[in-house]
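Visitor: Whenever a hint applies, use it, and build me the whole structure from the sequences.
Listed below, chain by chain, are the residues.
There are 2 protein chains.
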Amino acid sequence: MRLEHNKHSDAREQLLVAAQALFAEAGVAATTPRQVLERSGIGQGSLYHHFPSKRDLARAAVERTAQEQLQVAERGFIGDQPPRERIRAYLLRDRDALAGCRIGRLTSDQAVMSDASLLEPVEGYFSGLIDLLGGALEESGIPRDRAQDRAAAIVSVVQGGYVLARATGDPERMRSAVRGMAELLERQQHDQ
Amino acid sequence: MRLEHNKHSDAREQLLVAAQALFAEAGVAATTPRQVLERSGIGQGSLYHHFPSKRDLARAAVERTAQEQLQVAERGFIGDQPPRERIRAYLLRDRDALAGCRIGRLTSDQAVMSDASLLEPVEGYFSGLIDLLGGALEESGIPRDRAQDRAAAIVSVVQGGYVLARATGDPERMRSAVRGMAELLERQQHDQ
DNA sequence: GTCTATAGAAAGATAGAC
DNA sequence: GTCTATCTTTCTATAGAC
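Chains as they are written, first to last, in my numbering: chain A, 240 to 431; chain B, 240 to 431.
To be clear, the hints were calculated from the coordinates, so they are not data collected in a lab. Note that CB positions come from ideal geometry on N, CA and C, so glycine has one too. Take the hints with a grain of salt, since some may be wrong.
If the Cβ cut is set under 7 Å, some of the chain B residues that face chain A in the computed set are [stated by the list, open to error]:
| id | residue |
| --- | --- |
| 1 | 276 |
| 2 | 287 |
| 3 | 389 |
| 4 | 423 |
Guide: Dropping the structure here:
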């Protein structure tokens, strides 16, 4: 691996970026190699040189997107706010509701669900998220088991919020759902 | 429309049932007419006789599945239990977590999201669900706006629970999420 | 209403020159 | 490493006989 290459100018990198964007928009199964070529401006020969099959391209793109998205969540957690505030901030973060979750939507994607190597980063993303939220909940004094359940519920409200927003075409539906959850959590502060 | 036909023996009906099952398993876009033929045992000529295009078949199948699934939820709400119990029962109902929601998963389906007539039943399903839960919450004394938000949160936890279960391959993840939500709701009983 | 045969387009992938 | 041309398979749909 040569140093001093600007990776963003490599054909491989451009293919990857285009694939990530297309997978976010339409999913893996519904994205064709041809679309990746058109979006990236790279030629067919290069695609199959760098990625012997669509599966290989998908693996690289999904892995990277999962890491990126987990990092986004983690960055919101390195602050010095109290755990309840960090959780609240995660829940109420501004999201592109109608776009859906780049990772969560892959659980309805045939290409992903039928390929363990594509599903693995998806699992890693959600395990990471739940660990992050579960840890904060424990910090705030909630016993481990209950913290795990509550973390799963919080992550689920966000995922389900995306579903509601897309189903109704209304981003407000997602905001309504996370607001409902935030309100429930807030009330917990009174009686622990 | 002639009476006294056993609809379940008609080719049209068998095609519809096969399509519903396949759409539940793989989604609309990923299901081919050929698969519907094989599953139903009906011939190609009959398919295109009853449904001029895949889109027409999808419309009929999705509409019916959405109605069926909403009825399942409604049946759980006609009992004479107090509203909090009905909500709790909805949340903790036994579900095939790894299969995903037949309707919710369609929000990641290209064929559905790009066709208003396919999306409409999906929207109807979720609007119906939220109305059902929101009504019960209002009955239990929660003001309208807050009841809507909380209903959206409850529906979202279920939808997100499916996502978590499929992402991790573990149905327990969904149970954990709904348990976390049920526990939060239970605690609300103490201070309103 | 149902059948078999087939059309036309797009999918994923390969070949072989440069 | 990249290009253009091409192959094979599968998809959605139609044709036309019965």
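Visitor: None of the hints should be skipped; say for each whether it holds.
Guide: Here is how each hint holds up against the structure:
Checking residue 276 of chain B against chain A: minimum C-beta separation of about 19 Å lies over 7 Å; hint violated. With 7 Å as the threshold, the beta carbon of residue 287 of chain B stays out of range of chain A, its nearest partner Cβ sitting at about 24 Å, so the hint is violated. Taking 7 Å as the C-beta contact cut-off toward chain A, the hint placing residue 389 of chain B at the interface holds, the least distance being around 4 Å. At its closest, the beta carbon of residue 423 of chain B sits 5 Å from a beta carbon of chain A; the interface hint therefore holds under the 7 Å criterion.
Violated hints for the displayed structure, listed by number in ascending order: 1 and 2.
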